[in-house]
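Same order as they appear, the protein sequences are chains A and B.
0 is the number of the first residue of the first sequence in numbering that gives the first Met the number 0; add one for each residue after it.
0 is the number of the first residue of the second sequence in numbering that gives the first Met the number 0; add one for each residue after it.
Hints should not be assumed to be uniformly reliable.
Calculated lysine-lysine pairs in the DSS-like style (CA-CA distance at most 27 Å, straight line) [to be verified]:
1. B:K363 with B:K389
2. B:K215 with A:K69
3. A:K69 with A:K12
4. A:K134 with B:K363
5. B:K293 with A:K112
6. B:K215 with B:K368
7. A:K134 with B:K293
It should be emphasised that the hints constitute simulated quantities derived from the structure, not laboratory data.
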Amino acid sequence: MNRIEQLFKNKGKNILNIYFTGGYPNLNDTETIILELEKAGADLIEIGMPYSDPLADGPTIQESGTAALKNGMTLDLLFQQVAVVRKQSNIPLIMMGYFNQMMQYGDMAFLEKCAEYGIDGLILPDMPLYVYEEKYKATFEKLNIGISFLITPQTSNERIKKIDELSKGFIYMVSSSAITGAKKGISEAQLDYFNRINGLQLQNPRLIGFGISDHETFSTACQYANGAIIGSAFIRALKASNNITQTIHNFIEMVKGKVTV
Amino acid sequence: MQEYKVDRRGYYGEFGGAYVPEMLYPNVEELRNRYLDIMHETSFQKEFQDLLKDYVGRPSPLYLAKRLSKHYNTNIFLKREDLNHTGAHKINNTIGQILLAKRLGKTRIIAETGAGQHGVATATVCALMGMECIVYMGAIDIERQAPNVSRMKMMGATVRPAMSGSQTLKDATNEAIRDWINNPVDTHYIIGSVVGPHPYPDMVARFQSVISEEMKWQLKEHTGNENPDIIIACVGGGSNAAGAYYHYMDDKDVRLVAVEAAGLGVDSGESAATSVLGSRGIIHGSRTLLMQTKDGQIIEPYSLSAGLDYPGIGPLHAHLIETGRAEAVSITDKEALDAAFFCSRQEGIIPALETAHAFAAMDKIKYKKDDIIVINLSGRGDKDLATFVKHL
Ligand SMILES: Cc1ncc(COP(=O)(O)O)c(C=O)c1O
């Protein structure tokens with residue numbers, strides 16, 4: 000059992016997963032961001048590997064990635080930063096990026112580095128299921144690295160079952176078929192979708208992502224899944240910040256609301 | 000046989016596939032499941048063929064360019080895709096895809112464009128079918144291909160600038176893909192080249208294959224033999240080349256020449272010569288050759304020609320080049336400009352800047368006096384006049 004599975008076992012509900020882009024706003028903010036997020040009460044942290052052409056991300060995350068690359072972020076540097084954090088923290092860490100990044104790094108070397116530096120799971124939205132199953136599943140399992148595949152309102156029940164079979168850790172539920180970008184509120188259609196998924200009796204817990212930005216959307220998401228992922232809204236807060244530590248604490252407080260969830 | 004056709008999973012050898020996020024999966028899967036059946040329907044074929052004939056003006060002539068032939072001391076035929084309605088080969092594909100989109104029940108069309116030829120061809124078929132049309136175009140390309148922007152607007156399309164990255168074709172493609180992710184139900188994405196996730200490369204190649212289908216009987220009429228010795232085509236994503244090669248790929252005595260844009264020079268750092276500068280990776284949902292850093296960041300390409308200013312090539316071409324079936328040649332901005340002027344003055348045909356790269360390849364390749372060479376004249380140069388005038 001790795002740290003992600005442990006988390007869901009210990010705390011099955013109201014999981015708050017925060018996404019940030021490695022190397023943004025400043026090249027060496029990774030350590031501060033992760034440690035302060037943990038202190039402020041995030042349960043799980045998703046580190047974005049900045050990418051030149053992030054097809055599954057919206058403009059906010061793309062901009063942060065472009066800025067991070069300009070700052071000089073590389074995968075090796077990100078791994079080093081993660082290694083430093085790992086010595087001080089036991090919070091589950093996920094890396095999110097694109098399959099091409101893993102391929103160019105050297106796919107197996109990349110996975111070994113993840114395991115070595117204490118990355119607990121990966122999200123690679125453009126890696127096809129069959130490629131994972133045929134080429135990488137055995138290595139992920141051997142190295143005890145989790146993987147979260149995405150589902151959307153358009154994903155068929157049959158395919159969701161397959162995704163559930165292959166995911167390890169949690170399933171990433173895209174709240175609407177829209178790119179990450181903090182849309183306001185949660186609609187009827189989305190609630191129908193959440194209910195449909197809950198009826199499927201999946202083995203993996205689910206986190207809802209895309210469009211979660213504040214206390215209201217977070218608590219709604221928590222009613223229908225094991226928790227939620229916040230990305231763009233957090234990046235926007237960092238962008239506007241002149242004191243990252245303060246911003247992180249304010250942001251998490253805002254999301255969780257007065258009542259501790 | 001058929002070793003250059005796509006396999007069941009969407010690969011050409013090791014290249015191709017569909018590396019798309021889940022948000023795109025249902026759309027791509029629907030296309031994959033249905034494109035061949037739809038394309039083989041009698042009613043589809045009739046509508047497609049009628050439009051190619053009466054609306055596009057096909058067959059496009061195969062013209063023996065006497066003065067160019069004399070100059071190069073060989074036999075050069077030009078496949079006149081420039082004479083198609085809207086002025087390039089791009090319309091062969093957009094006619095096919097709009098008919099397919101209608102059969103899929105889609106009501107909204109999106110496209111990316113570099114040179115604007117694909118954007119114009121898409122705006123054209125959308126006007127023809129009364130469908131909403133949104134074209135993404137890099138901000139830099141909007142400037143350098145202004146006449147095509149006006150044409151799209153005149154036909155009722157919305158042109159949306161892509162402001163990220165190098166603000167060219169790659170970025171316009173990213174924006175179009177994003178749009179599709181945001182509009183997964185009513186929208187069809189008409190990709191303009193043999194790029195993107197399977198089944199796009201195969202589907203677009205099939206729609207463009209009319210080029211080599213006609214070449215066969217036209218060459219037979221001209222020379223008594225349906226096979227040429229050499230086919231030359233420029234490669235941005237590779238759709239005009241795929242169309243010109245298609246029915247000859249398994250005939251290994253026909254040499255295939257793929258001409259890429261070297262920009263300021265292959266080693267200048269300002270280039271788009273993917274087969275030389277590229278390595279294996281994933282771009283726009285396809286495993287292919289692309290220009291990238293060792294960390295897998297896609298490198299912003301450069302070419303004076305907007306239609307060739309792309310850091311990848313279609314997976315079919317990656318396969319053809321890597322297996323040695325096709326030869327790649329790279330041509331600089333300067334060589335292409337010279338070739339555009341030369342062709343204009345020798346034959347009275349102003350080629351598109353993209354196509355001019357194919358003409359310039361005549362100075363680079365080996366050929367014999369009695370060879371039959373076909374240059375695919377993918378488009379006309381009206382859109383590039385502002386650029387040409389600067390070099391007059
Ligand atoms: C006239 C012309 N030729 C060639 C191209 C390059 O595209 P492809 O390689 O798909 O034929 C373009 C693209 O805009 C074009 O307009």
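Results of checking the hints against the structure:
A C-alpha spacing of about 26 Å is found between K363 (chain B) and K389 (chain B), which places the hinted pair at or below 27 Å, so the restraint holds. With a C-alpha separation of about 51 Å, the suggested pairing of K215 (chain B) with K69 (chain A) is violated against the 27 Å cut-off. A C-alpha spacing of about 38 Å is found between K69 (chain A) and K12 (chain A), which places the hinted pair above 27 Å, so the restraint is violated. This hinted pair does not check out: K134 (chain A) and K363 (chain B) have alpha carbons roughly 42 Å apart, beyond 27 Å.
Simply put, K293 (chain B) and K112 (chain A) have alpha-carbon atoms about 16 Å apart, close enough for the 27 Å limit, and the pair holds. At roughly 21 Å between alpha-carbon atoms, K215 (chain B) and K368 (chain B) fall within 27 Å of each other, so this suggested pair holds. With a C-alpha separation of about 22 Å, the suggested pair K134 (chain A) and K293 (chain B) falls inside the 27 Å cut-off, and the hint holds.
Violated hints, in rising order: 2, 3 and 4; the structure is consistent with all others.
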